[in-house]
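Could you build all of it, start to finish, from the sequences and the hints given here?
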Amino acid sequence: MYPISEQMVREQYTTTTPGTSLERPKNQNVYKIGIYGWRKRCLYLFVLLLLIILVVNFSLTIWILKVMWFSPTGMGHLRVTKEGLRLEGESEFLFPLYAKEIDSREDSSLLLQSTHNVTVNARNSNGEVTGRLNVGPRMVEFHGQQLQINSKDGKPLFTVDEDEVAIGTDKLRVTGPEGALFEHSVETPLVRAEAFKQLRLESPTRSLSMDAPKGINIKAQAGNIEALSQMDIKLQSSDGVLLLDAETVRLPKLPQGTTGGPGWSQGLYEICVCPDGKLYMSVAGVSSTCHEYSHVCQ
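First residue of the sequence shown? That's 709 in the working numbering, and the numbers climb one at a time after it.
Worth flagging that the hints you see were computed from the coordinates, not collected in a lab.
Derived Cβ-Cβ restraints for the label pairs, each shown as a range:
no.: 1; residue 1: Asp919; residue 2: Val981; range: 24 to 32 Å
no.: 2; residue 1: Val848; residue 2: Asn932; range: 37 to 45 Å
no.: 3; residue 1: Val848; residue 2: Lys942; range: 39 to 47 Å
no.: 4; residue 1: Ile810; residue 2: Asn932; range: 55 to 63 Å
no.: 5; residue 1: Pro963; residue 2: Leu855; range: 51 to 59 Å
Simulated crosslink set (DSS-like; lysine-lysine; CA at most 25 Å straight-line):
no.: 6; residue 1: Lys961; residue 2: Lys986
no.: 7; residue 1: Lys961; residue 2: Lys942
no.: 8; residue 1: Lys879; residue 2: Lys860
no.: 9; residue 1: Lys986; residue 2: Lys942
no.: 10; residue 1: Lys879; residue 2: Lys927
no.: 11; residue 1: Lys879; residue 2: Lys863
All C-beta atoms in this analysis are idealised placements derived from N, C-alpha and C, irrespective of residue type, glycine included.
So this is what it looks like as structure tokens:
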């Protein structure tokens, strides 16, 4: 320890007098300030790499802005207006679209197209679906409490709910070749065929019943009225008479009973009634030719 301290004191207090040329001891430890060698080359390479990345990012940003048509008013066909967003041309949405109102331009229609189906949902404040319209490739489904179609002036044209189906038009037209099929009763004030067409009421496997509290009016202004049945046709009036008001009443397929007695007139016939209500005709005579025990009534 002593030699080191002596050297340090000697170096600290060694001075030169004028006229002498004493050489200062050379400093053996020299420190260089800066980055040299391989560290410097690595730093320059890193800075160059950052510069290249910056240029590439800037070029990609300019390219994206150009391709997506960014502008101060919107992006591409999407424009931001005071009323909301305006989208021109065809657009594809990969995720659900939430909007309060969707309108088309005044000179074009609104088209919603999908390769599978188009579903429109209505939800309440709790997020529950209260109404759903599903347009599929084979079927159009609607789920809700009521379906209503209105006219331009707000008049309900077609209304469907769990209790009934209401049609508000003045005329219901069925254009199918098989007509209209009703599995249960039908209540209507008027059933009328199209002009120059026939009206046909048919029940293929069951009976056909028409009831009215104040009467049933069957009218054909330019044709015939036919009632066909495999079994019986009953015309019944609970409080009134059955009136056949016509110029000629014909029963062409009535069976013929016994021949009338002497003095009968050729070409004149008499309508007879059996005890069971069956009708038959008999050649008219001077007196009645109806016999209770005719062979027709047997």
